[in-house]
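Undergrad: Take a look at the letters that make up each chain.
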Amino acid sequence: MEKFKSFLRHLRMFLFKYRYFFMKLGIALLTLGAVVILSFILIVNMPGTVIDAFAMQLSVERRISLDQAYILATQMLNYDPDAPILERFSVYLGQLLQGNLGVSIKNSAKSVNLILRELLPRTLFVSSIALTISFLLGTTVGSRTIWRRKSFGARALDGYIVVSNAVPDYIVALILITVFAFNLGWFPNQGAYNALLDPGFNIIFILSLLYFAFLPISAHVFSQMSFWSMQMQGSALGVLGEDYINAARARGLPEKIIIRKYLKRNAMLPLVTQLAISFGVMFGGAPLMESIFNYPGIGQAFSQAIAERDYYVVQGILLFVSVIVIGVNLVADTIYSLIDPRIRRSA
Amino acid sequence: MIMSPAKTLSRFRDESTRFLHAVARIFFGNARSALGTSVLLFFILLGIFGPLLFPYSSEIDVTSQLLRPSIEHPFGTDLWGRDVFRQIVVGTSDVLSIAFLSALFSVAIAMILGMLAGMVGGIFDKTILFITNVFLTIPSLPVFLILAALFTVDNPVTFASILSVFSWAGMCRAIRAQIISLKERDFIQICRVMKMSNVHIIFKELLPNVGSYILINFIIVMKNAITGSVGLMLLGVASFEPTNWGAILTTAKNSGALINPNSYMWLFAPILSIAVFQLGVILLSKGLDDTFNPRLRVM
Amino acid sequence: MIRRSILKKLLLLTAVLSVSFGFYSCDEIIGGKTVDTFYMLANWETVGMKNHINGGSQAGLLNIFSVEPLIQYVRSTDEIYYMLAESVDHNDDGTTIIHLRPEARWHNGDDYVAQDVVAYYYINQLEATNYMSAIEAIDDKTVKITWKASIEPNDNVKNLILAVDPVGSVKYDVFKTWVDAIIEIMDEAPAMPEGYTGWAPFGKIVNDVQETAAYANYAEFTNYNPDWFIATGPYKLYSVNETDMILIANEDHWAYEYLKFKYVHSYNHITDPTQIYGMLMSGQLDYAGGTPILDTLEQILLANENLVHFKTNDPGACGLLFNLAKTVSVDGVRRPLFNDKIREGFEYIFNRDDIAFIANPYSKVTYRSMMAMAPSDAEKYMSEEAWDSLTVYSHDASRAAELLIEGGWSKVDGWWHGEDGEKLSFTLHFDGSNDHQARAAQATAAQMNEFGIETKLKSSSSWNDWFGSAQSYVWSSELSLTWTDLNMSFSYPTGSFVYAFRDVSFKVIHLPKFPAFGEAGYEEVPEKYWGDLSVELPTFDRTGTFLLIDKMQGLYSLDDAEMQETVDDIITGVASQNWGVPFYQNSCGMFYNTKAFTDLPRKDLWEADRNIEYIPSGNEDDLTDFYAFGRLNIHFSYAATLIDWERFFENQ
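Respectively, the protein sequence lines represent chains D, U and V. Using my numbering, the final residue of the first sequence is 347, and nothing's skipped along the way. Using my numbering, the final residue of the second sequence is 1299, and nothing's skipped along the way. Using my numbering, the final residue of the third sequence is 2652, and nothing's skipped along the way.
In isolation and in its complexed conformation, chain D is listed as follows (with noise of 0.2 Å):
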């Protein structure tokens, strides 16, 4: 009695202790309920039913007309139409429950689980290095140029920064494909690892991947570098002309010392927060990129699911996608709070 006491008591000092974390966390599982409802209610009533999406495949597939690919398909889905949402939620929730992130109406043999097992490692290859060089060489032009304004170095960034703000990046992707795959052929033009090879951890595979990956990487760079080395500037000028930089010139350090520690540092506070963001986002696979260079990754599988009103799939990647973008941006709010002790305080 004695001991539970003492523990309860412990309970609550960790609970008070941690309050800051506890609210945090609170809100993320309630929003991520939120989003849950609120992104079944959607998907469920997108216009269009899997049936009219299956049938049409299968009356191309099999030759067949509508009408009969329409029987076709509701005998193979065994799904009604006109079920009420809250039925098909509880369906839903029941696979979920039993560890299921949902699986494909119209194929049993694709489930959510499956597709983030097979595809997310391909996602997460090239979204995490494009972000990480985008970012690394983004803040790092960012916070030198905004020290040296009128330098070559600046005007150059703009002149990069209004190109790649005016090219989407659809069309750096396919500029890319068709320069340094159809006219040079140095890269291969579609794919994510040579089909001869088996895949496996070997060094050849790895290389493969690598080859693979080099366009989709560079194409997602080069639109995304602009984004970062803005968001630096922005943020860098806020950051400008405080005491600590005045007087760390004063003291007459370096330059370099005072961009990289004082400057680039204190600048990154907001950044932290849109890389937070950018991270979660990356879970959910760029589909646009990766149906042109045709790698297989989650956001081709997402809008697969889409077009064929997959509804348990979309809303199976939604919710993993969900999940990691409030996860992060907990353990950013909370890495915030140990960098920037300021923020502990007024919270």
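Simulated from the structure, these hints should not be mistaken for laboratory data. Careful, some of the hints might be misleading.
Here are the simulated DSS-like cross-link-like pairs (lysine-lysine), alpha carbons at most 30 Å apart as the crow flies [what the hints assert, rightly or not]:
no., chain 1, residue 1, chain 2, residue 2
1, D, Lys24, U, Lys1126
2, U, Lys1204, D, Lys150
3, V, Lys2364, U, Lys1253
4, D, Lys261, U, Lys1204
5, V, Lys2456, U, Lys1253
6, U, Lys1126, D, Lys17
7, V, Lys2204, V, Lys2148
Simulated restraints on C-beta separations [unchecked claim]:
no., chain 1, residue 1, chain 2, residue 2, range
8, V, Pro2512, U, Pro1055, 39 to 47 Å
9, V, Glu2384, U, Pro1069, 47 to 55 Å
10, D, Leu11, V, Pro2226, 50 to 58 Å
11, D, Met13, U, Val1199, 39 to 47 Å
Think of the CB as a built atom: it goes at the ideal place given N, C-alpha and C, for glycine as much as any other residue.
Dock chains U and V against chain D, hints included.
TA: Chains U and V in isolation, oriented as in the chain D frame:
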């Protein structure tokens, strides 16, 4: 106190000259902003008077399909035999108003909610965090598909509102974070101690400090709106406007313009327009920074 | 310091790249492009592909080259090739005897037997089974079908019906549990009443309990995933990943000696036109469907001297469809927005030559009104007299204006106003994923605006999205640009009527219907018409009228003379209503690599001009080319394209 009409007038004249001076200082204060302003003015004038100077006819002419650039057709013609330059000119006003409005809407929402959340804190802050989380994770594609089945947007204001719904949340969080960090700094604390009003703190102290950041994001949202608006058109949420720059770009791309020298200009004309416009916006924003950012003046 | 670290990264990157580049170069010797491989595009399930095509997953090349039907028909020409069946005899007593090829085998080596055919038809129960009263295995290689006496199709249609189903996809041994279960259910089901014409596979009508059991059984069947891909066809699965699928010629196959390639290699889900064009130009593809715009087509052919581009008639025409559900309120009375005069007037508004040329320069322009059948087919199946009686409209703006004014519209300040005096503003809705229709839509809207009818465009991202909103009563647009008629299966004059009046068009046009059960006034209508189309049309000889859905019944059972009479009645009747304004009959295009596919037809033509502008029409003088070109479309003729039939028939 009663002033004579003459005095009022002269006072008014003074005020207005001062105002004009101020405006001139903002927009033409230095080389960058002068250039940026000129580019933007050019586009605004193009949007208003361009269609009168270069009247556009959507009439199709199969005999002049995909002509290369010439004096008569500076940017060549498209697949329907229509002048691409005039298409760009006619599209200007819609493209720019959609871009400007959606940037305005999303920046305004993000700024107001972000600053309030940062300043007020407490349950209000938590609610806003909740809402931004929802907007960050709600999938846009299903929403667009539903909207497309319900109606077709054909005015810039609604168009811009739909675009901004999905672009404010991230910015809002970033602004909130900055405000929270700023408000604990010494100069704000001093204001607090001096019992200065919140209005003063927000507008005179905080805003200038996040101004550059907001300006940059304004540009980013604008850019996204120009290239993103065509997505809404392809999904059917908005009516497909063949003179929209994004629509020209996509139509050209899908016709294989990237591999066909005859239609390079069809593809690059909208890109070029966006680039020049971006140049203007970026120059102006840099110029504004030079003029207004207290930090830059110190240096 | 930062600069140094960036430099390091760059160095590393270069090193990695050069190594991998070297590795890539040597890989071309290992695999790469060999003469014996045929390269094309196909779509299959990136993850979770099932090992049978009835499992609900997309199977890509496997669906095209691995799964065989009894008879392969070529969509657009109706030419047939015997695949699993060696011969099919239609007897006078209403039975058909199918002799399977003695050498037909499953990919695992087992014999393909009659019981497998029976299993396919029992488990899938598609349209063919509705015409059968029984199907049985006489011996291992012989199947007997007894047709329903009441709706027995003619011999021509029997072949086509048997050609539709990919029967080489259900192996009885593998799916025994579910096949036996459904056979038991069907055996117990009560027979249909005498003279019944509704849906009754094998002449049986299942009760509710049996139906539920059958559905559950079918779901279990589709969910089953065998450990090898169930198929019999000329190509077998060699390897597959998310982006590449390679098939290898099946040595056990009866046509192995006559296969044109050892391997077929396909790439998955490549949809961007620039990608496809680039792959064609750089020689990565030996085949691709589609016709790019003229300029681009010429650039592609210029870049790769091995490519030729063939065209065939597409069994469908595209144009404008009216939405008859739209009304206008005049003095408090609701009247149709598009009345007879208005619709007739629209036929004169357009310069259809221009629209057709922009949509697809190799399409055939048509100046008739909507007929529910592609013009080339209509000409073939109608009597000459009836075909000549169809009104041929023209581009005549003043005639159009006259008719619109007669219909109650008026032109004020250059813009047309409706019967209620309000300025008209229409939305033209099209499927943006269909490239030629998207081009036609822009041209159409431009011509309407020029004529003075304000028209905006609305695009949908897929055919399904377009159809979903176009068939809704509440939110649909006034006009659609889509197929005014289309044939999704065999050309025999029924396919396009099915598309128009049972599947798609009538829902988009919103043709009037009889009340359904429970709706106001349903008691006054005979039960068989409840909820069906109530359209009545004048007969061809103009002596009376007929109910459209009456004529739609039993089309397959008609003999040639009756068929022509029916087709004449339906087409002239539909054309008299001006439900739509077709602009062009589309053509299908195909790129082929002459170095890979060495026996392409009409070498004389493509040696002169690799962009072959000649499209055989199917008349008696170009029948050979008509069939040869039709067979080139892999998506219309499947495995039949890759078999050297000439040599095969020589050696038989």
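Undergrad: Does each hint hold? Answer for all of them.
TA: Each hint, compared with the structure:
For the hint linking Lys24/D to Lys1126/U, the alpha-carbon distance of about 8 Å falls within 30 Å, and the restraint holds. Distance check on the hinted pair: Lys1204/U and Lys150/D sit about 28 Å apart at the alpha-carbon level, within 30 Å; holds. The straight-line distance between the Cα atoms of Lys2364/V and Lys1253/U is roughly 26 Å, inside the 30 Å bound, and the hint therefore holds. Note on Lys261/D and Lys1204/U: the hinted pairing holds, with a Cα-Cα distance of about 29 Å set against a maximum of 30 Å.
Simply put, Lys2456/V and Lys1253/U have alpha-carbon atoms about 22 Å apart, close enough for the 30 Å limit, and the pair holds. Of the supplied pair hints, the one linking Lys1126/U and Lys17/D holds, its CA atoms being roughly 19 Å apart against a limit of 30 Å. For the proposed pair Lys2204/V and Lys2148/V, the alpha carbon gap of about 11 Å is at most 30 Å, so the pair holds. The beta-carbon spacing between Pro2512/V and Pro1055/U, approximately 45 Å, falls within the hinted interval of 39 to 47 Å.
The supplied range of 47 to 55 Å is met by Glu2384/V and Pro1069/U, whose beta-carbon atoms lie about 52 Å from each other. The hint said 50 to 58 Å for the Cβ distance between Leu11/D and Pro2226/V, and at roughly 55 Å that hint holds. Under the hint 39 to 47 Å, the C-beta atoms of Met13/D and Val1199/U, about 41 Å apart, fit the expected range.
Of the numbered hints stated above, none is contradicted by the structure.
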